[in-house]
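Enquirer: Each chain, letter by letter, is given below.
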Amino acid sequence: MWDYSETVQDHFYNPRNAGAVEEANATGDVGSLSCGDALRLTLKVNADTDVIEDAGFQTFGCGSAIASSSALTEMIKGMTVDEALTVSNQEIADYLDGLPPEKMHCSVMGREALQAAVANYRGEVWSDDHEEGALICKCFAIDAVHIEETIRANNLTTVEEVANYTKAGGGCASCHEGIEEILTMVMEEAGETFDPEAVAPPEVTTTPETLVAGTSGMAIMKRIKRIETIIESIRPQLQADRGDIELVEVMGDTIYVNMTGACSGCQMAAQTLGGVQQRLIEDLGEFVKVVPATELPKAMAGA
Amino acid sequence: MKDVYLDNNATTMVDPGVVEAMIPYFTEQFGNPSSMHSFGNKVGFALKSARKQIQALLGAEHDSEIIFTSCGTESDSTAILSALKAQPERNEIITTVVEHPAVLSLCEYLEKEGYKVHYLKVNKKGQLDLQEYKSLLSDRVAVVSVMWANNETGTLFPVLEMAELANAAGVMFHSDAVQAVGKIPMDLKTSKIDMLSISGHKLHAPKGIGVLYLRRGVRFRPLLRGGHQERGRRAGTENAASIVALGKAAEMALENMELENTRVKAMRDRLEQGILDSVSHCFTTSDVDNRLPNTCNIAFEFVEGEAILMLLNKEGIAASSGSACTSGSLEPSHVMRAMDIPYTAAHGSTRFSFSRYNNMEEVERVIAAIPPIIEKLRKLSPYWDENGPVEEPEKAFAPTYA
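Residue numbers (my numbering), protein chains in the order written: chain A, 1 to 303; chain B, 304 to 705.
Extracted from the complex, chain A is given alone in its bound form (with noise of 0.2 Å):
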């Protein structure tokens, strides 16, 4: 059984803005039965202001399917039209107190049906450019398509730097054989052999003696910079997914860590969590935890 939020049940059980909206001026078809699911949204919009008046939904799919819909529509009643486009899936997700990654998809479906329906409305064609593939990295559910264009894009050429251009695998790991896969298919087309013991050109300059050196000698103040300079280049990947992180006290091996925007309360803030420790324990080349700041001062009290 999925870990569904009590909203999501509850937007399932009890759907809002169910059935065609009468006199709708707007209408966005996304999906097909053959994907598994279908959404039509009908939209009754003010042609004078541009506020949408009422809003509502056909859904055949999943729970998460209907439960998205539902949501969407609650979401844009009473918005401007173009208020509504610039709701994103993760907001619907986030409305839904979150969705496991493999469900994603449902938000992304509800975001292109509104862009189809305001497209619609006002009298153009909208295009699809989304295509979806099989869901590889289930840490951050990224689907194969995404990771193989992101390596002819990029000419990637390890599992470490597609971790780092699109976090696939970046998480449990278990999904490495599968981007191994990927790899090898796009770098052959391209006339290349994937090496799985290749290592990626490193990011980062200092040496290693440098690093090592931190474990046990290295400057206060340098260390922490260190770590600030590695979470900020971090930042980008989680800002891309409307969440941030910041820095706020590092004692001995322990890092805390203040999570903001949509990474709060996210399902997989913990996984976020583990990828940034990953992440400083590689490039600090020493063993550290990472842990939310609310920790803190249970640390304090204890010592």
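Some hints here could point you the wrong way.
Said to hold, decoys possible - Below, simulated DSS-like cross-link-like pairs (lysine-lysine); rule was C-alpha separation at most 30 Å, straight line:
| # | chain 1 | residue 1 | chain 2 | residue 2 |
| --- | --- | --- | --- | --- |
| 1 | B | Lys510 | A | Lys138 |
| 2 | B | Lys510 | B | Lys495 |
| 3 | B | Lys510 | B | Lys388 |
| 4 | B | Lys682 | A | Lys77 |
| 5 | A | Lys44 | A | Lys77 |
| 6 | B | Lys568 | B | Lys351 |
| 7 | B | Lys428 | B | Lys305 |
| 8 | B | Lys495 | B | Lys351 |
| 9 | A | Lys138 | B | Lys415 |
| 10 | A | Lys44 | B | Lys679 |
| 11 | A | Lys138 | B | Lys617 |
| 12 | B | Lys568 | B | Lys510 |
| 13 | A | Lys44 | B | Lys682 |
| 14 | B | Lys428 | B | Lys568 |
| 15 | B | Lys679 | A | Lys77 |
| 16 | B | Lys355 | B | Lys345 |
Since the hints were derived computationally from the structure, they do not count as laboratory data.
Given chain A's structure and the hints, the job is docking chain B onto it.
Expert: Structure of chain B alone, referenced to chain A:
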């Protein structure tokens, strides 16, 4: 009200009698059966007796043909890999497109290793083409692996006949029988089946115990090497308590075999008829005249399986679905696709699987619960109009980019 459990093809309740039989083997009879003292000796005798109980259920000629493993998957892997290792000059495998992932995933992996795998297709009822099968048998084939009964539809394959054909062609035959054992009578000594897999938790024994039946004289190479347990064919200290449990469960299955084919079958038939009579646009997806007595798979058109399961769960009813969403993959069940069940229905296929612990009262409860659930979901569906599917659903619902 007690919840209704109709997902016995996924796993079964451990029979209280089975639990009772295994409990002494945790604290009282905890010895290692290989040890030379009385602690171990008694456990050794218990294993011997369990082996005999399983021998009786399978109708095996010798009790030494029973090898205990950790699960059905281990038995499947052991059988197929053994056949390949023992006959290095043969590099082909014959199996079917509707096997359990325990066999399919292994075969896909073996393809990457250079083996040639033939996947027998099925027709809309889930039946195999035996002519195609015959044409593929050759001295290049190391092993045929065909399931006895399909886990999703309950459809039975003619494994006895297929084993005869394989034997005549000099090819080893393995059957994944985890769904069939305990539900239909078997007499392996009169068959030409060389290897057969059992999983304990499908027949009211605990999870984590399985059996590989290995006919005497069949060339074998172990998967796990180490100690001399299971006559050197499966190293590792025996899971004594679970082996005793499986023995007891096998004995009980044999006693209840007739019940499975009368009372359990009657419940299944009543449920199926009740649903087909009260819900429009649904149909059974299996070879209805040739299937397990406990399994019923119904495809509800224009609704999605996970949504059905969630609403059923809310009513305290447990079933299972072949929809893509329940597994997290994007494709509906490979079994439904192989049977060419249209997408409109494949996503809504729902499996109800019984055990002898169900009763008719539960069946009536499910028959009453289903129609409003399907109606509710169809009302939400863009493919459904007031009383029936929209005309030409794929055209009426036209995504702009399609």
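Enquirer: Could you check the structure against the hints above and give me the numbers of any it violates, in ascending order?
Expert: 6 and 7
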